[in-house]
Amino acid sequence: MTDTTSGRDSSDTGRQVVDPRGPRFGAGITALLLLVVLYLGLVGAVLPSAVILTAIAGLFAWGAFAGIGRHPYGVLFRRFVRPRIAPPREWENEAPPTFAQGVGLVVTGAGLLLGAVGLPSAIPVAAGLAFVAAFLNSVFGYCLGCQIYLLLVRARLIRSSAA
Amino acid sequence: MDPLLALGVLAALVVVATALGLMSTRSAGRARRGSGERIDPDELGDALDGTFGSMLTLLQFSSDICSRCPGTRRLLRAVAAERDDVSHAEVDLTRRPDLAARFHVMQTPTTFILDRGGAVLARIGGSPRRAEVAAQVDALTSRRPAHTHEIRREEHP
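If you read the protein sequences in the order shown, they are chains W and U. Counting from -19, one number per residue, gives the positions in the first sequence under this note's numbering. Counting from 3, one number per residue, gives the positions in the second sequence under this note's numbering.
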């Protein structure tokens, strides 16, 4: 079945799935923007760097709360990129990239918060950390959020609702 | 900071991130010798999806948030399906975080190859490579001599 309102696809198990190249495309845009934030932060342009990082954090929040399938970069991917490339070899569950958006929101949000209370160096640091995660996701398909999730499970900070 | 120095920091960060990515790509899916520790099916309890094989078990540790776990499940099930005495079993660590601590699982998917008595013979962190899993399984069931370190990665039979 297909969710016609969002253009998302559902697997036969009823779980929401995405073309895994969509989140990687989005992570590439995010990585480039984070490099801009880092550069502006390093040269002392605190306000512009904070403004762009706020926009990035807002997009992370969108992906985290609405789901990666409704992320604006996902819409861009489906409209302009996917028609030009081969169909996906496999589909990916939406949960991992959606969780990763939440991790991005926490990291960039912490940087902005610390920057707002008088620690401007937190902004380029947060941008640099988030860049590494977004870059690994985009270029290597590495899901850093998945490993962070397991660490949170091990620390008993996440428990299964089914248990 | 001087703009040129700032660009240098950016370039250094890209290099470090690329190195991290290459390292993880190279190490993922490699089989390592297992600890030999014995796992009793009973201690996995209802976290176990599947049963232990009569000869070998491909025991996969997964979690709710794991992009490579479904593909790993398909790969390991296919390897097990080709062999009568090998089975695939999966444990969701989200339901059993104690097992993640007990077996020092730092990433999902992680796959253990167990013998019929539940002893851990080999351990694979990250997405397994099909040729390597098949070679390990065949070596451990003595269908072929062991070639633990001679993995022909580009081979597609």
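Calculated directly from the structure, the hints in this document are not laboratory data. Source: prediction; values computed, not measured. Among the hints, a few may not be true.
Claimed, not checked - Some chain U residues flagged as far from chain W (calculated, every beta-carbon gap over 12 Å):
| id | residue |
| --- | --- |
| 1 | Val11 |
| 2 | Gly73 |
| 3 | Arg85 |
| 4 | Asp100 |
| 5 | Ala102 |
| 6 | Ala136 |
As the list claims (entries may be wrong) - If you only want the chain W side, here are some residues facing chain U, beta carbon under 8 Å, derived:
| id | residue |
| --- | --- |
| 7 | Leu18 |
| 8 | Phe60 |
| 9 | Ala102 |
| 10 | Val105 |
C-beta atoms are modelled at their ideal positions from N, C-alpha and C, and glycine is treated no differently.
Checked hints:
A beta-carbon of chain W comes within 12 Å of the beta-carbon of Val11/U; the shortest separation is about 6 Å. Against chain W, the non-interface label of Gly73/U is violated: not every CB pair exceeds 12 Å, the least being about 7 Å. The claim that Arg85/U lies off the interface holds: its Cβ sits roughly 24 Å from the closest Cβ of chain W, which is beyond the 12 Å cut-off. Listed as outside the interface, Asp100/U is inconsistent with that label: its C-beta sits roughly 9 Å from the nearest C-beta of chain W, within the 12 Å cut-off.
In this structure Ala102/U is not separated from chain W by more than 12 Å, as the shortest Cβ-Cβ distance comes to only about 5 Å. Every Cβ of chain W is farther than 12 Å from the Cβ of Ala136/U; the closest lies at roughly 20 Å, confirming the non-interface assignment. With 8 Å as the threshold, the beta carbon of Leu18/W comes within range of chain U, its nearest partner Cβ sitting at about 6 Å, so the hint holds. Violation of the interface hint for Phe60/W is found here, the shortest Cβ-Cβ separation to chain U being roughly 24 Å, above the 8 Å cut-off.
Hint on Ala102/W is violated. Least Cβ distance to chain U is approximately 16 Å, over the 8 Å limit. Among the interface hints, the one on Val105/W is violated; its C-beta lies about 11 Å from the nearest C-beta in chain U, farther than the 8 Å criterion.
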